[in-house]
Amino acid sequence: MVFGKFPLPRQEKPLAWSQLSHQRVRLLVALSGISFANILIFMQLGFQSAMFSGTTNVPASLDGDVFLVNEKAQFLGNETFDKAQLYRAAAVSGVATARPFYYNSASWVNPDTGKTTNVTVIAMNPAQPVMSLPAITDQRSVLEQSDRLLFDRKSLPSLGAIPEQLAAGQDVSIDVQGRKLWVGGTFSLGSNIFKRGHVVISDVNYLRLFGAEQANQLHAGVLKLDPTASGSAVMAELERTLPEEISALSKAELIALEESYWAKEPAGIIFDFGTIMGFVVGVVIVYQVLYSDVNDHLSEYATLKAIGYSDGQLLLVVFQEAVILAVLGFMPGILCSLGLYSLLSNLTGVAVLMRLGVGLQVFSMTLVMGVLSAAIAVRKLQAADPADVF
Amino acid sequence: MEPVVNIQGLHHAFGKGQLSKPVLLDINLAIQPGEIVILTGPSGSGKTTLLSLMGGLRSAQQGSLRILDQELLGATKRQLVDLRSRIGYIFQAHNLLDCLTAQENVRMALRLRPSLSYDERTQLSTAMLDAVGLGHRINYRPENLSGGQKQRVAIARALVTQPQLILADEPTAALDSQSGRDVVQLMQRLAQEQRCTILLVTHDNRILDIAHRIIHMEDGRLIRTERPAVAAV
Numbered sequence: 001m002v003f004g005k006f007p008l009p010r011q012e013k014p015l016a017w018s019q020l021s022h023q024r025v026r027l028l029v030a031l032s033g034i035s036f037a038n039i040l041i042f043m044q045l046g047f048q049s050a051m052f053s054g055t056t057n058v059p060a061s062l063d064g065d066v067f068l069v070n071e072k073a074q075f076l077g078n079e080t081f082d083k084a085q086l087y088r089a090a091a092v093s094g095v096a097t098a099r100p101f102y103y104n105s106a107s108w109v110n111p112d113t114g115k116t117t118n119v120t121v122i123a124m125n126p127a128q129p130v131m132s133l134p135a136i137t138d139q140r141s142v143l144e145q146s147d148r149l150l151f152d153r154k155s156l157p158s159l160g161a162i163p164e165q166l167a168a169g170q171d172v173s174i175d176v177q178g179r180k181l182w183v184g185g186t187f188s189l190g191s192n193i194f195k196r197g198h199v200v201i202s203d204v205n206y207l208r209l210f211g212a213e214q215a216n217q218l219h220a221g222v223l224k225l226d227p228t229a230s231g232s233a234v235m236a237e238l239e240r241t242l243p244e245e246i247s248a249l250s251k252a253e254l255i256a257l258e259e260s261y262w263a264k265e266p267a268g269i270i271f272d273f274g275t276i277m278g279f280v281v282g283v284v285i286v287y288q289v290l291y292s293d294v295n296d297h298l299s300e301y302a303t304l305k306a307i308g309y310s311d312g313q314l315l316l317v318v319f320q321e322a323v324i325l326a327v328l329g330f331m332p333g334i335l336c337s338l339g340l341y342s343l344l345s346n347l348t349g350v351a352v353l354m355r356l357g358v359g360l361q362v363f364s365m366t367l368v369m370g371v372l373s374a375a376i377a378v379r380k381l382q383a384a385d386p387a388d389v390f
Numbered sequence: 001m002e003p004v005v006n007i008q009g010l011h012h013a014f015g016k017g018q019l020s021k022p023v024l025l026d027i028n029l030a031i032q033p034g035e036i037v038i039l040t041g042p043s044g045s046g047k048t049t050l051l052s053l054m055g056g057l058r059s060a061q062q063g064s065l066r067i068l069d070q071e072l073l074g075a076t077k078r079q080l081v082d083l084r085s086r087i088g089y090i091f092q093a094h095n096l097l098d099c100l101t102a103q104e105n106v107r108m109a110l111r112l113r114p115s116l117s118y119d120e121r122t123q124l125s126t127a128m129l130d131a132v133g134l135g136h137r138i139n140y141r142p143e144n145l146s147g148g149q150k151q152r153v154a155i156a157r158a159l160v161t162q163p164q165l166i167l168a169d170e171p172t173a174a175l176d177s178q179s180g181r182d183v184v185q186l187m188q189r190l191a192q193e194q195r196c197t198i199l200l201v202t203h204d205n206r207i208l209d210i211a212h213r214i215i216h217m218e219d220g221r222l223i224r225t226e227r228p229a230v231a232a233v
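Residue numbers (our numbering), protein chains in the order written: chain S, 1 to 390; chain H, 1 to 233.
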């Protein structure tokens with residue numbers, strides 16, 4: 001046999017494959033079982049990623065080196081600190097800029113239905129942009145006007161069909177926190193299940209919406225360091241200068257804070273549980289198939305033992321069967337899941353993507369599933385006494 | 001010449017302690033190279049137990065049991081596995097693998113010989129199936145072969161490794177008289193060509209004439225030996 005340029009030594013087909021392919025119906029049942037388990041696992045992980053993937057969008061798009069947050073904050077926007085501390089931080093040597101960032105929730109009246117819901121408000125000084133989104137920096141002049149907001153095109157439709165109305169050339173005004181604001185433009189950020197959508201406004205408009213007292217309380221301070229400054233030295237200096245209730249975090253730490261908070265949400269635990277259930281279902285199915293396969297061929301295995309095959313060689317056959325089943329079962333499993341993911345994306349408007357990492361994770365789970373089942377099933381094989389067939 | 005099988009003072013019992021039930025008592029037996037020996041006797045007399053001990057399928061308990069220069073009393077698992085690969089087995093039921101063709105079944109016995117290439121293994125298997133008269137059935141699976149044909153595939157599997165010793169347990173039990181006769185004559189002919197020793201357990205009176213020696217067994221003892229006047233050669 002020659003595959004392309006590489007001649008392979010001719011070999012017997014693996015016995016495992018002969019055994020499996022001889023019983024087509026059993027093979028089909030086994031493969032659909034494994035695919036089913038795979039789909040269960042993929043769905044749980046898909047729901048999980050749909051739910052949590054957007055949670056780090058905002059911290060990830062902040063443009064800074066060091067971030068000041070209240071030490072008690074569990075996620076961005078959770079706690080505030082006094083604006084005066086930002087000025088103290090700005091005076092620390094090595095800090096190039098220190099900019100305010102507000103991240104608050106406001107009531108929002110859907111202009112189409114008149115129903116009240118809520119929106120997440122991002123506020124900053126238009127002259128000191130803190131997000132690495134060109135759409136926002138480019139529309140600085142719009143932000144500077146009073147009672148103007150920028151609207152996230154990827155917000156959930158329950159906020160209203162605003163991008164469509166803008167595209168049709170209409171002026172759109174919305175009742176935000178009891179005040180009438182005009183939509184001056186759009187940007188693209190993305191929402192998640194916990195946030196319906198985002199708007200960006202200037203710090204001055206934030207003051208108008210929430211009052212002086214709240215405008216004096218920042219949700220984060222975004223610092224940029226001098227290119228020559230040592231990060232750790234500045235961090236240490238910040239810790240010394242600022243009161244204890246303010247933490248200075250790197251960007252990775254800020255994102256990790258967000259992730260660890262949402263991972264502890266009950267929903268996250270439920271999906272982990274669902275994933276484990278899918279895994280257990282898979283183990284039971286593969287075990288059932290391998291067990292009955294071993295059981296049906298017990299006399300054949302005993303015969304092989306009698307003609308000189310060692311226990312190890314026969315165990316290998318069962319493990320090979322498990323691996324073949326896992327690999328073959330995974331393919332329809334992932335294909336169906338891709339289909340269901342795109343269906344889910346269409347239904348919810350939240351992007352559910354098949355990530356390479358998740359695919360590899362489920363594939364290795366499937367292999368472990370097969371090997372684990374084989375390990376249980378071969379106990380029967382070790383009992384295959386060649387003396388019984390003789 | 002060193003006997004192929006040399007058994008001295010072999011005892012064997014099933015069960016433990018109070019429930020221990022002896023099945024083999026003081027067995028002494030030597031079989032020379034090239035000999036064809038038939039072991040016969042009523043059911044429960046211990047024939048199959050003796051055969052399975054000789055084949056390294058059970059652990060010996062007491063006495064000495066030397067097969068192909070390997071002492072089986074106290075032998076390790078590895079030594080038993082190795083011995084099994086040097087013995088040809090023919091079972092009462094054919095015990096072929098259903099998922100493999102005749103040729104693949106025969107080749108299974110050769111897969112344990114890594115010194116042979118795949119092509120050599122295939123060649124030897126085909127030649128052996130030819131020798132048992134199944135050259136035209138090499139790609140048939142057991143389900144498409146008759147009882148006699150399946151038993152001949154099993155014989156080919158036992159002989160293809162050219163073992164020095166063949167142990168056969170009632171190889172004709174499932175066959176009609178003509179195919180039973182054919183199978184035994186085939187074993188006899190191939191054994192002579194390959195100079196191997198055969199120990200055959202059987203109830204079948206029709207095939208007793210092929211043996212050099214017939215040993216009767218009863219209640220776990222070898223009680224009588226006959227030498228047929230002329231072994232049909």
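Heads up, some of the hints might be wrong.
Stated by the list, open to error - Listed below are the simulated DSS-like cross-link pairs for lysine-lysine, each with C-alpha atoms no more than 27 Å apart in a straight line:
hint, chain 1, residue 1, chain 2, residue 2
1, S, Lys-115, S, Lys-180
2, H, Lys-77, S, Lys-380
3, S, Lys-251, S, Lys-264
4, S, Lys-264, S, Lys-83
5, S, Lys-251, S, Lys-224
6, H, Lys-16, S, Lys-380
The set of hints was computed from the structure by calculation and includes no laboratory data.
Note that the structure is predicted; figures quoted are calculated from it, not measured.
When the hints from earlier in the document are held up against this structure, which numbers fail? As far as the earlier hints go, only 4 is violated by this structure.
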